[in-house]
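Chemist: The primary structure of each chain is shown beneath.
Protein chains: 2
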Amino acid sequence: MLNNKVLLKDSCFKITSTRLAILEVFNKNDKPIDANFIYKKLKEGINEVTIYRTLTSFEKSGILRKVDLRKDSVYFELNNDHHHHIVCIKCGIIEDFKENKEIEKLLDQVVEKSTKFKNIKEHSLELFGFCKVCN
Amino acid sequence: MLNNKVLLKDSCFKITSTRLAILEVFNKNDKPIDANFIYKKLKEGINEVTIYRTLTSFEKSGILRKVDLRKDSVYFELNNDHHHHIVCIKCGIIEDFKENKEIEKLLDQVVEKSTKFKNIKEHSLELFGFCKVCN
DNA sequence: TTTTTTGCAAAAGGTTTGCAACACG
DNA sequence: CGTGTTGCAAACCTTTTGCAAAAAA
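The listed protein sequences correspond, in order, to chains H and C.
Read in my numbering, the first sequence has 186 at position 57, and its numbers run on one by one without any break.
Read in my numbering, the second sequence has 248 at position 119, and its numbers run on one by one without any break.
Wrong hints could be hidden among the right ones.
Chain copies aren't distinguished; within one or between two, either way the pair holds.
[To be verified] Calculated pairs, DMTMM-like style, for lysine to aspartate or glutamate (alpha carbon to alpha carbon, straight line, at most 25 angstroms):
1) Lys247 - Glu224
2) Lys234 - Glu173
3) Lys189 - Asp210
4) Lys227 - Glu251
5) Lys247 - Asp159
6) Lys219 - Glu241
7) Lys143 - Asp237
8) Lys230 - Glu251
9) Lys230 - Asp197
10) Lys245 - Asp139
11) Lys230 - Asp163
12) Lys134 - Asp225
13) Lys261 - Asp237
14) Lys219 - Glu188
15) Lys247 - Glu233
16) Lys143 - Glu206
17) Lys247 - Asp197
18) Lys247 - Asp139
19) Lys234 - Asp139
20) Lys242 - Glu224
21) Lys157 - Glu233
22) Lys230 - Asp139
23) Lys245 - Asp210
24) Lys189 - Glu231
25) Lys261 - Glu251
26) Lys242 - Asp163
27) Lys200 - Glu153
28) Lys138 - Asp201
29) Lys247 - Asp163
Derived from the structure by calculation, the hints contain no laboratory data.
These numbers were taken from a predicted model, which means no experiment stands behind them.
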């Protein structure tokens with residue numbers, strides 16, 4: 130995909146088939162993804178170590194962001210539209226919900242009141258419960 | 130501490146010196162704590178495996194709750210007053226902030242709009258940035 | 001005494017590191 | 001061609017599991 134090449138270039142990454150393949154996995158699967166998921170999708174011709182290294186560098190450059198899902202591995206998402214998740218404790222199903230002005234405003238107020246911080250870079254906000262099926 | 134014995138009894142745990150020691154670590158250190166922190170504090174006379182097992186059972190029973198700090202190990206806090214954290218990405222310093230009515234109201238609205246969930250059990254809300262010293 | 005809890009050893013996952021070979025630009 | 005990237009092997013770190021010994025009620 131052309132966009133991914135631009136994305137890599139804009140972040141000063143060399144364009145490699147490995148990186149494009151990993152980005153495609155994110156494009157095609159609109160949900161939080163961990164290293165193992167990518168590995169299972171790409172299996173042939175890619176090394177797990179490379180996946181970990183790529184995820185780390187993509188996160189540092191801002192292409193990806195971490196998502197805290199309380200699982201044993203680290204999950205990432207494309208750092209596009211800002212949203213959060215509701216996660217089923219039992220079956221693991223995930224529903225997204227959008228970040229909104231009210232949430233932003235509340236968090237701004239929190240930071241204003243803070244003594245040790247004057248601005249924040251990111252935040253996690255994930256809900257955990259039983260979905261209607263599991264409940 | 131007497132309170133901890135009551136706490137254990139109320140959760141139907143047998144009262145053991147190991148469990149009391151672990152609870153004391155939480156009492157004396159008012160911050161999120163991981164297994165290794167407890168191990169370093171108690172070193173003699175306690176096994177790491179026991180710490181993991183205790184943390185897990187304390188969380189299940191509601192004595193502790195998990196905190197998502199984006200570190201490599203799992204952190205816990207006493208499940209007392211509901212609050213969240215602002216974490217410095219560089220030095221790791223943590224500032225607490227209280228859960229409030231507005232936040233609760235916003236989350237209720239999120240769940241109302243949800244198609245797959247009708248109520249949630251818990252949520253994470255942690256802010257990440259550089260503290261005034263590191264910034 | 002009975003059931004739960006703990007310790008020990010070992011293994012299981014996930015992730016990281018060092019180094020040499022490779023490939024993008 | 002030179003530097004950034006990848007693969008491989010090995011190590012690392014956190015956490016889990018099985019089983020026998022120890023302790024709480």
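Chemist: If the cutoff is 25 angstroms on CA atoms, where do Lys227 and Glu251 land: within, between, both or neither? Let me know, please.
Modeler: both (15 angstroms within a copy, 18 angstroms between copies)
Chemist: Within a copy, between copies, both or neither: which one fits Lys230 and Asp139 at a CA-CA cutoff of 25 angstroms?
Modeler: For Lys230 and Asp139, neither the intra-copy (29 angstroms) nor the inter-copy (42 angstroms) Cα distance is at most 25 angstroms.
Chemist: Is it within a copy, between copies, both, or neither that the alpha carbon of Lys157 lies no farther than 25 angstroms from that of Glu233?
Modeler: neither (29 angstroms within a copy, 34 angstroms between copies)
Chemist: Go through the copies and call it for Lys189 and Asp210: within, between, both or neither, with a Cα cutoff of 25 angstroms.
Modeler: within (18 angstroms within a copy, 34 angstroms between copies)
Chemist: At 25 angstroms max between alpha carbons, let me know whether Lys245 reaches Asp139 within a copy, between copies, both or neither.
Modeler: For Lys245 and Asp139, neither the intra-copy (34 angstroms) nor the inter-copy (37 angstroms) Cα distance is at most 25 angstroms.
Chemist: If the cutoff is 25 angstroms on CA atoms, where do Lys219 and Glu241 land: within, between, both or neither? Let me know, please.
Modeler: Answer is between; shortest inter-copy Cα gap is 20 angstroms, intra-copy 37 angstroms.
Chemist: Treating 25 angstroms as the Cα threshold, decide for Lys234 and Asp139: within, between, both or neither.
Modeler: neither (31 angstroms within a copy, 40 angstroms between copies)
Chemist: Is it within, between, both, or neither for Lys242 and Asp163, if the alpha carbons may be no more than 25 angstroms apart?
Modeler: neither (35 angstroms within a copy, 28 angstroms between copies)
Chemist: Is the C-alpha distance from Lys245 to Asp210 at most 25 angstroms within one copy, between copies, in both cases, or in neither?
Modeler: between (29 angstroms within a copy, 21 angstroms between copies)
Chemist: When no copy is named, should Lys261 and Asp237 be tagged within, between, both, or neither for a Cα gap of at most 25 angstroms?
Modeler: The answer is between: 16 angstroms across copies meets 25 angstroms, while 33 angstroms in one copy does not.
Chemist: For the identical chains here, do Lys134 and Asp225 meet the 25 angstroms Cα criterion within one copy, between copies, both, or neither?
Modeler: neither (27 angstroms within a copy, 41 angstroms between copies)
Chemist: For the identical chains here, do Lys230 and Asp197 meet the 25 angstroms Cα criterion within one copy, between copies, both, or neither?
Modeler: both (22 angstroms within a copy, 24 angstroms between copies)
In summary, the numbered hints that this structure violates are 2, 7, 10, 11, 12, 18, 19, 21, 22, 24, 26, 28, 29.
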